[in-house]
Each structure stands twice: as C-alpha cells, then as structure tokens.
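Undergrad: Chain residues, written in single-letter form:
Protein chains: 10
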Amino acid sequence: MSRDILETFPNPKPDRDYVIEHTAPEFTSVCPRTGQPDFATIVLTYVPDQLCLELKSLKLYYQSFRNMGIFYEDVINRMLDDFVAVVQPRWMEVRGEFNTRGGISSVVTAEYRADEEDDE
Amino acid sequence: MSRDILETFPNPKPDRDYVIEHTAPEFTSVCPRTGQPDFATIVLTYVPDQLCLELKSLKLYYQSFRNMGIFYEDVINRMLDDFVAVVQPRWMEVRGEFNTRGGISSVVTAEYRADEEDDE
Amino acid sequence: MSRDILETFPNPKPDRDYVIEHTAPEFTSVCPRTGQPDFATIVLTYVPDQLCLELKSLKLYYQSFRNMGIFYEDVINRMLDDFVAVVQPRWMEVRGEFNTRGGISSVVTAEYRADEEDDE
Amino acid sequence: MSRDILETFPNPKPDRDYVIEHTAPEFTSVCPRTGQPDFATIVLTYVPDQLCLELKSLKLYYQSFRNMGIFYEDVINRMLDDFVAVVQPRWMEVRGEFNTRGGISSVVTAEYRADEEDDE
Amino acid sequence: MSRDILETFPNPKPDRDYVIEHTAPEFTSVCPRTGQPDFATIVLTYVPDQLCLELKSLKLYYQSFRNMGIFYEDVINRMLDDFVAVVQPRWMEVRGEFNTRGGISSVVTAEYRADEEDDE
Amino acid sequence: MSRDILETFPNPKPDRDYVIEHTAPEFTSVCPRTGQPDFATIVLTYVPDQLCLELKSLKLYYQSFRNMGIFYEDVINRMLDDFVAVVQPRWMEVRGEFNTRGGISSVVTAEYRADEEDDE
Amino acid sequence: MSRDILETFPNPKPDRDYVIEHTAPEFTSVCPRTGQPDFATIVLTYVPDQLCLELKSLKLYYQSFRNMGIFYEDVINRMLDDFVAVVQPRWMEVRGEFNTRGGISSVVTAEYRADEEDDE
Amino acid sequence: MSRDILETFPNPKPDRDYVIEHTAPEFTSVCPRTGQPDFATIVLTYVPDQLCLELKSLKLYYQSFRNMGIFYEDVINRMLDDFVAVVQPRWMEVRGEFNTRGGISSVVTAEYRADEEDDE
Amino acid sequence: MSRDILETFPNPKPDRDYVIEHTAPEFTSVCPRTGQPDFATIVLTYVPDQLCLELKSLKLYYQSFRNMGIFYEDVINRMLDDFVAVVQPRWMEVRGEFNTRGGISSVVTAEYRADEEDDE
Amino acid sequence: MSRDILETFPNPKPDRDYVIEHTAPEFTSVCPRTGQPDFATIVLTYVPDQLCLELKSLKLYYQSFRNMGIFYEDVINRMLDDFVAVVQPRWMEVRGEFNTRGGISSVVTAEYRADEEDDE
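Protein chains in written order, with the numbering used here: chain A, 1 to 120; chain B, 1 to 120; chain C, 1 to 120; chain D, 1 to 120; chain E, 1 to 120; chain F, 1 to 120; chain G, 1 to 120; chain H, 1 to 120; chain I, 1 to 120; chain J, 1 to 120.
Excised from the complex, chain A in its bound form (with noise of 0.2 Å):
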C-alpha cells in the first residue's frame, strides 16, 4: 500500500505551533475513465505535532499514483487520510491543482483539525 512509503522523524520543536508546506508540481495520475494522465500541483500544509514528513519519501509517495487510476476527489482525500494516519499531525490541509482537461481545470481542497476529531 503506497501509505506504507510515507516515513517521518521527530519535530525538532514540538513545543512550538509552526507551519511546513511542501508543494510538488510534477504530479501525474491517471483518469479511471478515459484512461488518460492527469497532471496536478499538490500543496501539502500542515501544523506538526511529533512527527515530521520525511521529505524523499513523500516523493516516492506521489509517485506510486503514476499508474493509478483515480478521479480528483479521490486523490486528494485518500491522500489526507494517509498523511493524518501516519504524521498525526496538529491541522493539516492537501491542495491539488489539476490541468485543463475539456476547457476545465479544477481544484480540489480537504482540510484537518486534530482538535476537531478530539471533539468526535
């Protein structure tokens, strides 16, 4: 499972609310429909609590989607659910920027808040 790929290491500063934003725009999918690539911007945000995103292997993350046939929707809110799983971070929000596809580009947004799942 491409969650299985994600690593992280310890906040250096987890006494401290600070913001990490990783952006990668060299993300490719592909359409479970047509079976053509789509192309995206993923901007990942988050506050971290104990852990941190291990930088090159949240690049072989994106990258096991390469071959994957999955709408825009399902990108973007599988790959919340991974990261929360495995960072467990504080709040944390996925962004993806698809190309024009059919005179269309989308974007699609999902957010996270630690203390909101506490509420649950």
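No incorrect hints appear here.
Once the Cα atoms are required to be at most 20 Å apart in a straight line, the calculated EDC-like pairs of lysine to aspartate or glutamate come out as:
#1 D:K59 to E:E97
#2 B:K13 to A:E73
#3 G:K59 to D:E73
#4 F:K59 to F:E93
#5 C:K13 to B:E93
Derived CB-CB ranges, DEER-like:
#6 J:S64 to I:T34: 50 to 60 Å
#7 I:T34 to D:S64: 50 to 60 Å
#8 H:I5 to F:M68: 25 to 35 Å
#9 D:C31 to G:P25: 19 to 29 Å
#10 J:Q50 to G:D15: 38 to 48 Å
Some residues of chain F that are not near chain C, with every Cβ distance over 12 Å (derived):
#11 P32
#12 G35
#13 Q36
#14 S64
#15 I70
#16 F71
#17 E73
#18 D74
#19 N77
#20 V84
#21 Q88
#22 T100
#23 I104
#24 Y112
#25 R113
#26 A114
For the record, the hints were derived by calculation from the structure and aren't laboratory data. Positions of the beta carbon are idealized from the N, C-alpha and C atoms, including for glycine.
Knowing the structure of chain A, use the given hints to seat chains B, C, D, E, F, G, H, I and J on it.
TA: Coordinates of chains B, C, D, E, F, G, H, I and J only, in the frame set by chain A:
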C-alpha cells in the same frame, strides 16, 4: 432544458467538508440587446454534500449557452439555481468574469448556503 | 447633469444578495489647478436591491467627465452619490486608481451601506 | 460567403510603407471531427497598398466562423486568402493561437508577399 | 495647427548617431465615425540630426488630439509627418498601440529614413 | 523643518469615511552610517477628517529627504508624526519598501488611529 | 514501435509555405539512470509539405514515453527522426524544456531542413 | 556561536507598535543527509520593543549558515530562537522559502508572541 | 571631474571577445529646467580590450550625478564619452531608461565601436 | 582541480547539429576583495560534437566554486575554458547573471566557436 445536461456522481467522502473549484475560461453566450457574442471565465466553487458534479457534463452545460441571448446577471443567477438544484451542495459560489465591452469589464458573483436556506 | 445619463433595469434576482463589479480603465478628466488631463481606472462594485445599472449608460456617464475640471477626491465622492441616488443598492463601493503625477500615483475609495444610512 | 462581409476604405497614406496589426482574442469556431468549440486569438498584420481593412467588418467576418466546422490549418489559410483577395496588400500575415486541446496548444501562421506573387 | 506646438532644442551630440525613445501611454482622441473616445500608447523613436524634440511641447502636442475626430491610420501618419517636418531626424518611427474596440486591439507603425527621402 | 512644506485643503466629503492612498516610488535619502544613498517606495494611506494632503506639497516633502542622513525606521516614524500633525486624519498608515542592501530588502510600516490616541 | 502511433492528414494548402507549432506541457518519461520520472514541455514546429500531423495521434505518441527510460538528448533526437519520417516536412524543429533536476534545468533543441538533406 | 554575531540598536519609537520586515533571498546552507547545498529566501518580520536588529549583523548571521549541515525545520526554529533572545520583540515571524529538491519546494514558518510567553 | 572617479583593472582574458553588462536601477540626477529630481536605470554593456571597469568606482561615478542639473541626452552621451576614455573598449553601449515625466517615459541609447573610430 | 570533476558521455546523434542548454540558478562563489558571497545564474549552451556533458558532474563542478574567491570575469572565462577542454564542442557559450551588489547587477557572457579556433 440545459439543467438536464448536468450529471452527478456520489461524493467519495461525504463525512468531510472539502472544496471543489472548476474554472472554465472558454464560456461564450450572446448579448440579447446587440446580438454580439459575449465571452467570460466561469468559476464554480462548492462544498459537496452527497453528490459531486460530473466534469464532462459541466462542459456540455456551459456549451449550451453558446447561441443563447442572455444578460450577465441572468447567466450567473441561472447557473447557480441549476447547479444547486442538481448537486444540492452544502455551499456554492458561481463567478463570471466577462470580457471588456465598451471599455468596461464586469464580474458577477452569486453565493448559496444550505443552512441559510434551511433557516427560511 | 451627468447623473441623468445613468439608466437602470430591474434586478433579475432581487431575493438574493449578489455582487456586480464593473471596471473601466479608460476614465479621463481634467485637473482644475493645472488644466492637464488626468487618467484613472474606475472600479464600481455593488450589491443590487431592486435595480441594476445599465452598462452603456455607465460608459456615457464616465465620458461626461472628459473635459470637466475636478479633483480626485471629488470624482469618487460625486460618483458614489450619483450611483447611490440612481441605483439605491444594498451596498456599493467606488474606487479610482489615478495615474502617476509628479512621481506619485493615487487611489481613492469610498463605500456606502444601505443599513448604515437607515440607522441615521 | 463570409468573404463578402469584409469592407475596405482608401489607404490615407499609400505612398508610405507602414504596418497595421489587428489582434482578436475572441475567435471561436467548431472542430469538424468532435463538434466541440475551438477558441483562438487571431493576429492579422499587413502593409496596405491602396486599401485598408474596415475594423467593424473584420469583427463580423470573424464572428461568421462561430458555428462553422473547420480545422486550424484551414481557418488560417482561408482567412489569408480572403483578406488578400479583398485588401490586395503589399504584405500580410495571419496567425492563429489556438487554446489547449488534449494538453496541446497550437499556433498556425501563414504569410503573403505581393512581389513574390508577381514573380510567378 | 497642432504641428506649431512642437518645440526643439539643439542636439548636444550631433556627430554621434544615437537613439531617443519617448513612450506616452495617455494618448486619447475621438473616433470620427462613432464619436466615442479612443485610447492609445504612442511610442516615438528617432535618431536626431541637428535638433531634439522638447519633451513638454511633445506632451502638449499629444493633448491637442484630445477632442479631435481622427482614424488610427491618420493619427500615426500625421504624427510622423509633423515630427519629421519639425525635427528633421536621421531616422524616425511612430507606433500607436490602440485599446480594444469590439474585441479587437490595433497597432499602427510608420517609419521615416532621411537617406531614402534624399534618394528621391 | 520639512514638516512645514506640507499643505492641506478642506476634505470635500467630511461626513463620509473614505480612503486615500498615495504611492511614491522615487523616494531617496542617505544612509547615516555609510553615506550611501538609500531608495524606497513610500505608500501613504489615510482616512481624512477635516483636511486632505495637497499632492504637490507631498512631493516636495519627500524630496526634502534627498540629502538627509536617516535610518529606515526613523524615516517612517518621522513621516507618520509629520503627516498626523498636519492632516489630523481619522486613520493613517505609512509604509516604506526599501531597496536591497547587502542582499537584504526591508519594509517598515507604522499606523495611527485617532480613536486610540483619544483613549490615552 | 511508438512511431507507428503517429497519423497524418493531407496538407490543405501545399502550395504555400506556412508554419504549424504544437506545444505540449505535459510530457513525462523516466530517467534511465535513476528510475526517477522526468517532466518536460515539448514544442514541435514545422512547415508542412504534403502531410500534416494529426493532433490526437501526437498526444498518444507523447504518452507512449510515459514509462520509457530515456535520456534528454535521446528524447529530442528520436522524436525529430520519427516526425520527419512520418510527416516529411519542408522544415521542422523539436524543442524539449526539461524541469529542474539537481538545481539545473535543461533545454534540448534539434532542427531538420529538407533541402539540406537533399544536398547530401 | 552564530547568535553572538547579531547586533541591535535602540528602537527609535518604542511607544508605537510598528512592523519591520527583512527579506534575504541569498540564504544557503548544507543538507546534513546528502551534503548538497540548500538555497532559500528568509523573511524576518517583527514588532520591535526596546531593540531593533542591526542589518549588517543580520547579513553576517545568515552567512554563518553557509557551510553548516542543518535541516529546513531546524534552520527556521533556531533562527527564531536566536532572534527572540537577542531582540526581545513584541511579535516576530521567520519564514524560509526553500528551493525545489526532488521536484518539491518547501516553506517553513514559525511565529513568536511576547504576551503568549508571558502567560506561561 | 566625475570621470576621475572611474577605476579599471586588467582584463583577465584579453585574447577573447566577450561581453560585460552592468545594470544600475538607482540612478538619479536633477532636471536643469525644473530643479526636480530625475530617476533612471542605466545599462552599460561593453566588450573589454585591455581594461575592465571596476564595479565600486562605477557605483561612485553614478552617485556623482545625484545633485547635478543635466538633461537626459547629455547624461548618456557624457557617460559614453567618460567610459570610452577610461576603459578604451572594443565596443560599448550606454542606455538610460528614464522614469515617467508629464505622462511620458524616455529611453536614450548611445553606442561606440573602436574600429569605426579608427577609420576616421 | 575542479575541471577534473566534469564527466562526459558519447553524443547519441553526432551527425546532427543540435543545441543543449543547462541553466543553474543556484551558483555561489566568494568575492576575493570583500570576502562576501556572490550569487549567480549560470547558463551553459553548446552544440555537441562527439561528447555531451554529464549533468550530475556539472552540478558538482558548479559546487566546487562555493568557497572559492574569484571575480565575475574570471568565473565565466575559466568555466568556458574548462568546458571546452573537456567537451570539445562545435560551439559553446557561458553566461553568468550575477545578483545586485551596491545597487548594480552584472551579466558576463563568453563564446567559443570550434571553426574560429581552427582558423588560427
């Protein structure tokens, strides 16, 4: 009716509030007063509830305005009514950025909130 | 009087608050002190109530300033007074972005809220 | 025939070689294979001889392609033939910059020189 | 006559060929057909011989077109004639970049060479 | 003293809160430590009360710093003090965007609120 | 072989030299040394003789490199060989603009002229 | 220790809250894992209390990282700790915008508030 | 005399023709007619022969114009004369891009070729 | 010696003249006069003969300048000498675009042609 062109698919993550944005820079209709073509970029943004808007049907819906005589304000309000009726989103906004006519460019923006409607 | 040039049409969706913005980059008037022409972009933004501003009459209204001697601050405040009197909007803003004179460019912005006025 | 839409007026300075360029970013036609609309910016550049192209008739000429099924290469070559026949310029170029289709954008450029034709 | 507005001063370095360029983005005249204002950026470039064009008189010369009804092609060719008559340059070019009208923007460019004229 | 250069005129609409912004990209002073010239863009924004700042006097005021040795932080705080003393605005902000020195560019921003001062 | 994917159609204007340019910003292949994906924009420009390149087949041709291990220089030279073999153009250029790797971005450009080949 | 490089001078206006921002696009350090150089723009923003940061010492402080092996998250958190210890500001933020590595660019942002610390 | 400020160092590669370009966006002088400051970007480009221009002395040379009353055309021609006299280059060009005055911006460009001079 | 870092591989298409360009925006060295770091973008462009430059070795070669004291003109001429000695190209150009120092940015460009050298 053009609203019938729109198709939906089940929201893959209905338990999470997230945002989908579709930007279509190739919209064209006809000015009912002068008979001249109008051109616009239409930006649709929404938080899905149980349904997502299917992208190819959205393209065909926009194309159904190609030879229709309709004012800017009508374009945007009719689109919002159509999208809300078909997708029943938690929140939605439609913005039309219309090209310069007589040295003046125009932007029309309309918004829908499910909870506001519920209050009525 | 230039206010009489402005024409309106019935708002096609008066039960919804929505925003209309008209941007006119070809405004010109005359400096009353130096007699030199001034140039500006005028941005009019409003939430209509029962009436919308007709676009061609707006163009003619702006052109009526072409040979008028008037200061920046007067241009914007007079426009806001004229537009509010004719359109009776729920909210309105007029912004003038004036070209560089003596190495300094200027922006003047004035705003109207119907409910504030009602309070008085 | 769409060529008949074009009108001319006498060149006010026929004894001087000078250059006129008209850029039209709102061109649209229809793909004959897919039935989908195409969008382009058309740039017409020429050195007039005895005649200049009238601007309003040029706008109507471009609009006559709105619902015509025609390939990119045909659009540009037909336009050049039509403009040369009506304006009889000393030199002329037509360039069409077509929007992305299937992830690929296209530019087609064709040129005419009166003296080359005279040599034949 | 507007040509009389132009003033000159002696070229401080007549034994060297060098280039002077003046760009004026605030030019406006009136369309003789529709009575609507036209707007343009005028770019004047020249190699001076014995005279240079005085900048303030150039500004006043451009302003003399403010309420004149005149076509694009006439604006540029008349300007070139006026500037050449007053400045007698070694080389000169006048370019007018006119704002969009009916969805089409236009550029007109005319050039003068002293030695070409001498050959005639 | 440079403050005496500043002139005012009566606010034409004192019963309305509106915003005036003047942007001056040609500010220059001298670094008191190195004697080297500093360059900045100064942005002055304010809500007038009974007085507006006269534009030509503002230009001369900025020029009075041309050969003055003064640090960035002093420039902005002194300007705000001077403008507030002369214009007595409802609200005011002065921002200086200073060019790169030693590979580092700097922005200094100071703000004034009439009601805050009244509270003291 | 990927060359077989390419299809052509008859040039609609073979008696005129004109230029066709296709820009594809979504090209991706694999680095044969590291196994990492490479990303590029491919710009194909040519003067057709009897044949034009069909656009959809060009898209599929580019996609055939998606999981191929190949160096930059090979990508561009192989493409030029394939396109020339299938289209037999009068002139052709292929340019690949490859994304940054190790802090260095690369552009490779190769050109073909029919008459040069004829000389050999 | 690099913190000792930093110098301060008395805040010329300690009774006013105002904002100072220093942007340094020439930061470079070394990745401790790969030994490869990293490059970043560092943006330091703060509200001074009694002390301001001296600009030349800031430049030397940044240069002291040139051959240091250190991760992104450590760079930013260590800088914030150093700046807060030396300047004792009312508020401060440090943001590092790191160049692309493996197709992914990163931004790390950390913030300090004097009153929050006082509450602890 | 300001020319004396300029210093040189031996060209490290006199047997190769190569190009050096220095761009200085912080040039300022004074208009001799109005007493108002002028601002420009000065671009110096040359092919060195036996000498190169020392960069710090170039900065001081530009600063020597700060309070000098001088016209645009004189600035550029005097600079070219000074640089040629001191550096004796194989080729040199000086270009001044002057900020907008009265709505008109200006560029003055002068060029020197060693071999042309030798011919005289 | 840093030249020894450079590695090559056989040109896959030696019978065709084509162009390879590598752009490295992360170059840094040290000013021998001030000890301050310099930053530049290095653009290497060449037509290969029998050899191509290996990209990873190019990165390491650039890094070998990191703590070297060297002037702009020397950087570019030494690089060109090193690249020509190792790659023996048909044509090559090295351009360094150096960041602003003392308000002046610099570009140094040197070129090599195999046939010119052969003539000597």
